[in-house]
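Engineer: So the chains spell out like this:
Protein chains: 2
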Amino acid sequence: MKFSPLLNELIQALTCLPGVGNKSAQRMAFHLLERNRKGAIDLSNMLHNAMEHIHHCKRCRTFTEDELCEICRHPEREASGLLCIVESPQDVLAIEQTLSYKGQYFVLMGHLSPIDGVGPEEIGLNELETRFSAGGIDEVILATNPTVEGEATAHYIAQLCAAHNVEASRIAHGVPVGGELEYIDGNTLTHAFSGRRKL
Amino acid sequence: MKFSPLLNELIQALTCLPGVGNKSAQRMAFHLLERNRKGAIDLSNMLHNAMEHIHHCKRCRTFTEDELCEICRHPEREASGLLCIVESPQDVLAIEQTLSYKGQYFVLMGHLSPIDGVGPEEIGLNELETRFSAGGIDEVILATNPTVEGEATAHYIAQLCAAHNVEASRIAHGVPVGGELEYIDGNTLTHAFSGRRKL
Ligand SMILES: [Zn+2]
Ligand SMILES: [Zn+2]
Numbered sequence: 006m007k008f009s010p011l012l013n014e015l016i017q018a019l020t021c022l023p024g025v026g027n028k029s030a031q032r033m034a035f036h037l038l039e040r041n042r043k044g045a046i047d048l049s050n051m052l053h054n055a056m057e058h059i060h061h062c063k064r065c066r067t068f069t070e071d072e073l074c075e076i077c078r079h080p081e082r083e084a085s086g087l088l089c090i091v092e093s094p095q096d097v098l099a100i101e102q103t104l105s106y107k108g109q110y111f112v113l114m115g116h117l118s119p120i121d122g123v124g125p126e127e128i129g130l131n132e133l134e135t136r137f138s139a140g141g142i143d144e145v146i147l148a149t150n151p152t153v154e155g156e157a158t159a160h161y162i163a164q165l166c167a168a169h170n171v172e173a174s175r176i177a178h179g180v181p182v183g184g185e186l187e188y189i190d191g192n193t194l195t196h197a198f199s200g201r202r203k204l
Numbered sequence: 006m007k008f009s010p011l012l013n014e015l016i017q018a019l020t021c022l023p024g025v026g027n028k029s030a031q032r033m034a035f036h037l038l039e040r041n042r043k044g045a046i047d048l049s050n051m052l053h054n055a056m057e058h059i060h061h062c063k064r065c066r067t068f069t070e071d072e073l074c075e076i077c078r079h080p081e082r083e084a085s086g087l088l089c090i091v092e093s094p095q096d097v098l099a100i101e102q103t104l105s106y107k108g109q110y111f112v113l114m115g116h117l118s119p120i121d122g123v124g125p126e127e128i129g130l131n132e133l134e135t136r137f138s139a140g141g142i143d144e145v146i147l148a149t150n151p152t153v154e155g156e157a158t159a160h161y162i163a164q165l166c167a168a169h170n171v172e173a174s175r176i177a178h179g180v181p182v183g184g185e186l187e188y189i190d191g192n193t194l195t196h197a198f199s200g201r202r203k204l
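In order, the protein sequences belong to chains A and B. Residue numbers in the first sequence follow our numbering, run continuously in steps of one, and reach 204 at the last position. Residue numbers in the second sequence follow our numbering, run continuously in steps of one, and reach 204 at the last position.
Treat the hints with care, as some may be off.
Note: identical chains are not told apart, hence a pair may lie in one copy or across any two.
Said to hold, decoys possible - Here are the simulated lysine-lysine pairs, DSS-like style, with alpha carbons at most 25 Å apart:
#: 1; residue 1: LYS43; residue 2: LYS63
#: 2; residue 1: LYS107; residue 2: LYS28
#: 3; residue 1: LYS43; residue 2: LYS28
#: 4; residue 1: LYS107; residue 2: LYS43
#: 5; residue 1: LYS107; residue 2: LYS63
Calculated directly from the structure, the hints in this document are not laboratory data.
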């Protein structure tokens, strides 16, 4: 950008957003300057605010600006005795959007990955054990991703549950609702068969 | 986002970016919080800075943080006697990237559109006439878009040029280099034929 070094810097800064390359960043910068300076100032303030105030919930490790997130503060959810374990806050969001789960969560913020130096402590499993010891959890639902690492992490946590006499279950894998069999990968189909239920 | 109203507000604010819907905004917000808080703070500062300091060049109307943009301050470009007229700062950028034009620019920040109340004054044509009267411009290159409005705007400015005894030319329309004839629309092909040159 010969005509404005500052505009150049803005375009550069916008590429910190995932999926935004130089070309999209240019389009964004020009759009904001030409048509939405107020939106840009609002975004600037929100970014600052969010990065300063959003941290991890002391109890479930999801993102929140409070000490405990709204889900953890909910008495009915605590009373449910259910604890769903997921890899990321996005997973909490996806499950919440189904409106069908009314228990609590524990967010690993990752999965076990010994090769990357991510062990049980890095994904908060000592905190999880402290929580098991405190009591009040009847069942753990392992909702880690159906990947090799997610399965290994679920398996590891299932053993912790057994050691603490907490029931553990794994979410079902199978053919997505509305999916067509011919487009489903073999691994999923195998899961769908082995997880079949009597009608 | 039940667990963090502030995160919800950040996601909302990110949708002010063009091409960013709720789903992408979510992905961006989580990415920044999890992996690039420094990038988010830098972006916040750059947005603020850019919106506060970037305005229109007094001479060519493109974006700049100075009174005159770097192109307008360049003595060789002034000496060229060439003035290229474009609709937007992005067009300046596209032309600059070709490295083949070494004259000055005038940015309309739009095109004539009587139906939307955009007349000659709104696209700075009075400033352009003042510039014609000041002298020093030998040729105007009309590089507005090859749309109905862009053509009408080019035609209108060509008349102003004639009134001020300034030569005016229109950029060539035709088959893009590397384009395949069968995929080119008929209008462009017509232009390509009528604009043919002897070899
Ligand atoms: Zn929580
Ligand atoms: Zn300028």
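Engineer: Return the numbers of the hints above that this structure violates; sort them in rising order.
Structural biologist: 4
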